[in-house]
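Q: Sequences and hints are given; from them, build the entire structure.
One line per chain: the protein sequences are R and Z, in this order. Counting in my numbering, the first sequence runs from 1 upward without gaps. Counting in my numbering, the second sequence runs from 1 upward without gaps.
Rather than coming from a laboratory, the hints here were simulated on the basis of the structure. A few of these clues could be false.
[As the list claims (entries may be wrong)] Here are the simulated distance ranges between beta carbons:
(1) R:85 - Z:190: 55 to 63 Å
(2) R:85 - Z:106: 48 to 56 Å
(3) Z:351 - R:48: 41 to 49 Å
(4) R:51 - Z:282: 28 to 36 Å
(5) Z:280 - R:51: 34 to 42 Å
For each residue, glycine too, the CB sits at the ideal point set by N, CA and C.
The primary structure of each chain is shown beneath.
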Amino acid sequence: MPLLTRLAEKNRTTVTFTLDGRAVQALEGDTVLTAVLTQGARLRRSEFSDQPRAGFCMMGACQDCWITTAEHGRVRACSTFIAPGMVVSTESTEGRS
Amino acid sequence: MSLARAPIEPVIIGAGPAGIRAAQTLVQAGLRPVVLDESLRAGGQIYRQPPAGFTRSKQTLYGTEHKKADALHRTMDALAARIDYRAGALVWNADQASLEVIQNGTMTSVPYTHLILATGATDRVLPFQGWTTPGVFTLGGSQVALKYQGCGIGSRVVFLGTGPLLYLVAYQYRKAGADVAAVLDTSTHADGLAGLAGMLRAPSLLAKGLYYMGWLRAHGVPLHKYVRPVSVQGGAQVSALTYRLRGHDTVHSIACDAVGYGLGLRSETQLASLLGCAFDFNSQDRAWLPRRDAAGRTSVSGVYAAGDGAGIAGADAAELAGERAALALLADAQLPSDARRAATLDNRLLANARVRTALERAFPFPADWAADLNDDVMLCRCEEITAGTVRQAARELGAHEMNRLKALTRVGMGRCQGRMCAAGATEVLAHALHQRCDAVGRIRSQPPVKPIPISVVHADQQKVSL
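A: Have a look at this one:
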């Protein structure tokens, strides 16, 4: 089930991106975190325990919301905007580089 | 021209209430500060602006504080041509003369002669069972989701923790149409009464707090005090929160799909630490803070600290402190500085500090937390280190202070650099050693203070590997 619920600002242009191989829609101005967590309940899996993670502080401090994109590699989902055609994967357990 | 003074190159880190007022004050004195903002638009966290194209009014976004938000945003807009504002600029290292900055994937060095740290704060958190489950976010994060993205963190949300933000965010969520399942406060009615006398000095703040509580009750939201969380239920995502009341064993459960959580705020002090500023333990914040005088001067000449990044005092105090630090900078640089204005600011900051003390009494830090924490609770989210590992290091490996603990267990060494675990690790280590939490020291910061991309382009266009 999606984690985030849209409560306001719903009349924005839609943006199509690829999430785990599936074409899905977000809204212009969504962060990658919002775009992904309005579809599902995970951003990545922990490299240690394989447990799902979905961010925590939403302000760039906790570093919990890293996610893998084809375009930019690992990005901080709370402070990166979704873009049309972006390819995003929540399957990665990629550790530190 | 040979008599000309060396040029002043002031840099401000952060563009929240403190950074904006500091910039304005320096511009009024004829300087052109560089303002490095990790966000893409000025405002900081409390007055964070949504992305372009969002349409809610400032009244909707900032409630009773909308005029202050608007004034700060307008101030920053008016300063645009007279400052060097760099949005999305992460300062990852700092020394006595320059800052290492990444902006748009490009690395640059920013020299300075004077530096104002206005780095703000994030939620203070302590670990509990299941707190890494998807759907648990900080209170500040819950507010960012709503303000910055128009989203709730779930469709049925429990707010847990303590502090003014607890009731404010619950109110904002319920008002935006979210189902708020409960507000669970770790503080007690006695705490509220203890803080009341001091809060009477700030009647509007008190009135706002009481209004949010009353409004939530009137809208059927259960409010409980004396709460200690037991665990978050659900593996892939939150399905319930269990809790008990302090001093009681009965475990209660509330079905929910999200938890907004925070125990007050913690100052963002990594850069002050890298710069070699002296730190003192502050018992009110229960944290190590850069030592500073009333004007914001740190122990390092030319380095100033203002706003919540220097000690938790709130947004109004941050505006005053930002301006005050800028006046100190001007005086130290032997430029005209308004001493009468400085004295006025000092008085207002003192009055504000008394209110802050009262707030801390009303919503105290739950100092008993570590004693009740099970060994299997994950304490460090980044490296997944448990409370039991910390206790073992304390008892068997000689971890007698935080840096030794870090070396032995990796607590505080992960991507967040201790931002989310240091408070918990300090409490658990001190408790295991039967010491006060100020006796186990603080984690010294290391560069980079935040992770930097795997490969970035240096300003001279050569790709560098890190």
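Q: Hint by hint, say whether it matches the structure.
A: Against the structure, the hints:
1. Remark: the range hint 55 to 63 Å for residue 85 (chain R) to residue 190 (chain Z) is upheld by a beta-carbon distance near 57 Å.
2. With their beta carbons about 24 Å apart, residue 85 (chain R) and residue 106 (chain Z) fall outside the hinted range of 48 to 56 Å.
3. At about 48 Å, the beta-carbon gap between residue 351 (chain Z) and residue 48 (chain R) stays in the expected band of 41 to 49 Å.
4. Taking the beta carbon of each, residue 51 (chain R) and residue 282 (chain Z) are about 35 Å apart, inside 28 to 36 Å as hinted.
5. In this structure the hint that residue 280 (chain Z) and residue 51 (chain R) lie 34 to 42 Å apart at CB holds, the actual value being about 38 Å.
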